[in-house]
Each structure stands twice: as C-alpha cells, then as structure tokens.
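Enquirer: Starting from two chains that each stand alone, build the complex the way the hints lay out.
Just so you know, the sequences run in chain order A and B.
The first sequence begins at -5 in my numbering and counts up by one.
The second sequence begins at 0 in my numbering and counts up by one.
No lab work stands behind these hints: they were computed from the structure.
Idealized CB from N, CA, C, for every residue including glycine.
Worth double-checking, as some hints may not be accurate.
As the list claims (entries may be wrong) - The calculated label-pair distances, taken between Cβ atoms and stated as ranges, are:
(1) A/181 with B/13: 34 to 40 Å
(2) A/72 with B/17: 49 to 55 Å
(3) B/47 with A/242: 20 to 26 Å
(4) B/13 with A/73: 56 to 62 Å
(5) B/31 with A/73: 37 to 43 Å
(6) B/39 with A/17: 34 to 40 Å
(7) B/28 with A/45: 36 to 42 Å
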Amino acid sequence: MTFSEEQIVRYSRHIILQNVGGKGQEKLLRSKVLVIGAGGLGSPISLYLAAAGVGTLGIADADRVDLSNLQRQILHFTPDVGNLKVESAREKLEQLNPDVNIRIYNQRVTADNIAELIRDYDFIVEGTDNFPSKFLVNDACVFYDKPFSQGGILRFDGQTMTHIPGSACYRCVFESPPPKGVVPSCSEAGVLGAVAGILGTIQAAETLKALLGVGELLVDKVLYINVLSMDFSTISIARNPECAVCGENPTITQLREYEQPACELEVPEAAR
Amino acid sequence: MILTINGKEETVDGSDLTVTELLQAKAISMPDMVSVQLNGKILKRDTFDTAFVRANDHVNFLYFMGGG
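Same shape as in the complex, but just chain B (with noise of 0.2 Å):
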C-alpha cells in the first residue's frame, strides 16, 4: 500500500497494519523513541497495537531527542 510517510510518499508491503507493525516494517530501531502521528492525531502508545494504518494514510515519525 501507499502511504505518505514524513512527507514522501512510500510503498509499504502488506495492507490494514498495525502502527506496529508497520514500525516493523520500516525497520524503526528504537520504537521507543518515535511518536506516531497518523492522519494529524498523535497517537497514544497503547493503542499502537491496534491502531490501523490503511491505505493513503499520512503518517509521521516523531523523534524524541534528548541531548542539548
């Protein structure tokens, strides 16, 4: 599926994945780390399980950084 992920549009294999999942998918090394914002909702960390990610959805990864 297509989705548009930080700005750029993206192929994503598979279809309906969790965030996740589709945390998996892009290989995000430190989950922990990102916050989620799908369609302009961030998203609450419990609900990465089950919050689905579909087709044209916009999504983006928020880093936390903690170094000043």
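In isolation and in its complexed conformation, chain A is listed as follows (with noise of 0.2 Å):
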C-alpha cells in the first residue's frame, strides 16, 4: 500500500508514532471494525476510528436522535434530532474522514441477525445502551471467535473489558442480566456525559491496540472508572469454568435474545 500525499499528512502524528509507524498506519486502514450503538458509547468510539483512518468502519443502530441524546451522544448535532442515528453518523464520519468506508446498518441487533452483521469483521465494539444487546453481543462475538470491546456506564461511572478468543467473556464475570424491574436505566438514573466520552474514548484505544497488535489489553480484566473521584481501577478475573457460554459445560449452545426494554424505551406500565 502506498499512501498519497494526503495520507501521508493526516496520518503523519501516527506514521511518526513508534508503534505504530507506516506499518500500523497501514494495518489500521486495511482493518474493519463494527460499532455496535451510535449513542454515548458508539458516539467517541466511532470519531476516534474514523479518524484514526480504520478502513471499513460498521455502524449499527436502530434509533432516531433524539434533543435528550446530546447531551453526550457527540456524533449527533441539534439539525439531526428526528434522523436516523446511522445516517446522522455516517454523515458526520465521512466528513471527518473520507478515506473510511462507512457501513451502516439501521437495525437493532438480535439472535437472527448478529452473526450476518459480526461475520466480515475484525473487531466489534459494544455500545448499546440495555443488557440484552450486551450480553448478545458477548456471546456471538464468543461463538464466532470475534475480539470485542465492551462498555457500560451509569450515572458517574463506567465499566469496561476486552475479549479476545479465549480470555475471560462478559458472562465469566455477569452470569445473566439482572432481573427485571432492578435495571436503573440511563434514562431513570441519569449520566453525565463526559463519562460517555471517557469510557468510550477508552474503547476505541483498546481496539486501535487490537488491531495494531501493540500493548497490553484489557483482557481478564475489568476497568471501573468513577468520575467523581477520579478513580480508574482494574480488577483481575479469570475465564470461569461455570461460564454459561465458554466454559467446560456450555449451557447456551444457540444465540438468544433475553427479553428486557432498551434504556431509553423505557415506558412506565401507566403511559402504555
């Protein structure tokens, strides 16, 4: 691959970038990742990609902006509320990089769908915003052998990890998501933006690393960062053996969607 004189001087803060260098710049550009969610969490992770010049860049949701949505949704500006999510950011990401191919895909991923959506790429980063898309996205990404960064934030906080085949999954640490009723949504609870910025931003680093094959990962390990105290901590886990979906005695052997409302769907039993 050669780059043009353009490339040369986009990437340059990379290609000088021990690393990195012209070889990583190169890898980055002939890589494919898929942002699954276009909110808080996709906004930073998919900037940061489109940027950072990987080549083929997914995006996937099913929702339309909404004025709530900006205030840490940063892909989406004031003009887009009532558009599509993936149109609004397909059109932001190729203005900030046209070298990207962007994909987008309007639709919420489920047991039927998500292998076809994961299937031609190299790393798949979570951003949804509810527990059925999360523990979804962990257990195709597991089935399919796919490296995958995920992420979750509440209120002044966020929690992130990273699966690659073979290391501890989502579900060594949550067995299943919490039942219904006890889930405090973003939408109830509240969030402050920046953390979405943070943590997402924290994603996107760990799947450049991913793909430039560089550092250490967060891999049988999870991140917590508190933002009131500034706080960012690991803890160590380990790939469970009573994991339902990678350990010895698999008791989840096909995809499935649990049944749980989306964050920001949330509708009180009154308005229904």
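Expert: Here is the structure:
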C-alpha cells in the first residue's frame, strides 16, 4: 500500500509514532471494525476510529436522534434530531475522514441478524444501552471467535473489558442480565455526558491497540472508572469454568435474546 | 473481621458472613446489580446465601452498567 500525499499528512502523527508507523497505519486502513450502538459510547468510539483511518467502519443502531441524546452523544447535532442515528453518523464520519468506508445498519442486533452482522469484521465494539444487547453481542462474539470491546456507563461510572478468543468473557463475570425492574437505566438514573466520552475513548484506544497488536489489552480484566473520585481501577478476572457460554459445560449453545426494554425505550406502566 | 474489598482493607462487623450478609452489611443498595468475586473466583448468584466470607478474604464487587 502506498500512501497518498494527503494520507501522509493526515496520518503523520501516527506515522511518526513508535509502535504505529507506516506499517501500523496500513494495518488500520485495512481493518474492519463494527461499532454496535451509535449513542453515548458509540459517538467517541466511531469518531476516533474514523479519524484514525480504520478502513471500514460499520455502525449499527435502530434509533433516531432525540433531543435528550445530545447531552452526551457527540456524533449527533441539533439539526439531526428526528433523523436516523446511522445516517447522522455516516454524514459526520464521512466528513471527518473520506478515506473511511462507512457501512450503516439501521437495525437493532438480534439473535437472527448478529452472526451475519459481525461476520465480515475484524473487531467489534459494543456500546449498546441495554443488557439484552450486551449479552447477545458477548455470546455471538464468543461463538464466532471475534475479539471485542464491551462497555457500560451509568451516572458517574463506567465499566469496560476487552475479550479476545480464549479470554474471559462478559458472561464469565455477569452470569445473566439482572432481573427486570431492578435495572436503573440512563433515562431513569442519569449519566454525566463526559463519562461516555471517557469510556468510549478508552474503548476506541483498546480497538486501535488490538488492530495494531501493541500494548496490553484489558483482557482478563475489568476496568472501572468513577469520575467523582477520578478513580480508575482494574479487577483481574479469569475465564470462569462455570460460564454458561464459554465454560466447561456450556448451557447456552445457540444465540438467544433476553427480553427487557432498552434503556431509552423504557415506558412507565401507566403510559402503555 | 478484616477483608480486602475492591482493593481496600476494611473492617466488617461479624465473622464468617455469607455473601448475602456481606452485601447487607455493606449496604449494597441493589445486590442484583453486582457480581461478587471471592478470592479470585466469580460466585454463582445462587450460592450467595451459602458461600462464606472469612477474615482476610479478598472480595470484589463488580457492578453491572447497562447504559451506553
């Protein structure tokens, strides 16, 4: 691959960077990453990956931009309210870096479509707003040997881990989604917008490290951040032999979804 | 008894508490939103009432976060 003059300038800070260089930049330009969720986490994730020159960037989301999203979902602007998030994402990302081939999927991930969605990608980034999707993305990535970065946020806190084939998965730590009714959603409990920025940016950095093959990933570890104390702490975890999806006697042998309303879609009983 | 909870040494009243009792003692408001790692091993939720935490054990609470 030879860089155009524009690319040499655009990626100059990568090209001069130890551990990236021209070879690393080539790797990024040849990489394919799927970002699931174009919200609070998906915004910084996809902006940084597009800026970095990840060659093919898939964005999956079924929602439209809501005014209440703009406090943290920095990919979407006020004139985008009412538009599909994936269309809004494509417009911004193409403007940011025309080198990147943006593929959009205006759909929620389901047990029926996820295998097809992730198949063509080298790395998956999970930034969804609900547990059924988080568990589904985990299970699918474990089944199909896809490395992925998982992230969650709430209030002033964030949590993230990276999985590569053979390492501990999300379900090794979290057996199954918490029961309905006890889950505080972002729409009920709130979230500081900047938490999404910090955590999503960590996920973007993990993705780039994984693609480049540099550094140590958050593999067999869970990172927790709290911005009130500005504490960042990692907890070491191991692959769980009792894990229902990657353990010694897996009980989940085919993909299925849990039923639970999505974070932003939660409607009070009385309003139904 | 002294426990190391999420990396910090803490004194907890009582000894040989079950995990459920420890969650109560620590006033964890939503125990359904937390996984518990005891001395490096993630516990199955259905053992919270029968698994014991003893002096000098290392306990980590890992919270679920569903937002994105």
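Enquirer: Hint by hint, say whether it matches the structure.
Expert: Against the structure, the hints:
1. The hinted range of 34 to 40 Å is satisfied by residue 181 of chain A and residue 13 of chain B, whose Cβ atoms lie roughly 38 Å apart.
2. Hint check: residue 72 of chain A to residue 17 of chain B, Cβ distance near 52 Å, so the stated range 49 to 55 Å holds.
3. Taking 20 to 26 Å as the suggested C-beta distance range, the pair residue 47 of chain B and residue 242 of chain A conforms, at roughly 22 Å.
4. The supplied range of 56 to 62 Å is met by residue 13 of chain B and residue 73 of chain A, whose beta-carbon atoms lie about 59 Å from each other.
5. Checking the proposed 37 to 43 Å range against residue 31 of chain B and residue 73 of chain A shows it holds: the Cβ atoms sit about 41 Å from each other.
6. For the pair residue 39 of chain B and residue 17 of chain A, the supplied restraint of 34 to 40 Å holds, since their beta-carbon distance comes to about 38 Å.
7. A hinted range of 36 to 42 Å holds for the C-beta pair residue 28 of chain B and residue 45 of chain A, which are about 40 Å apart.
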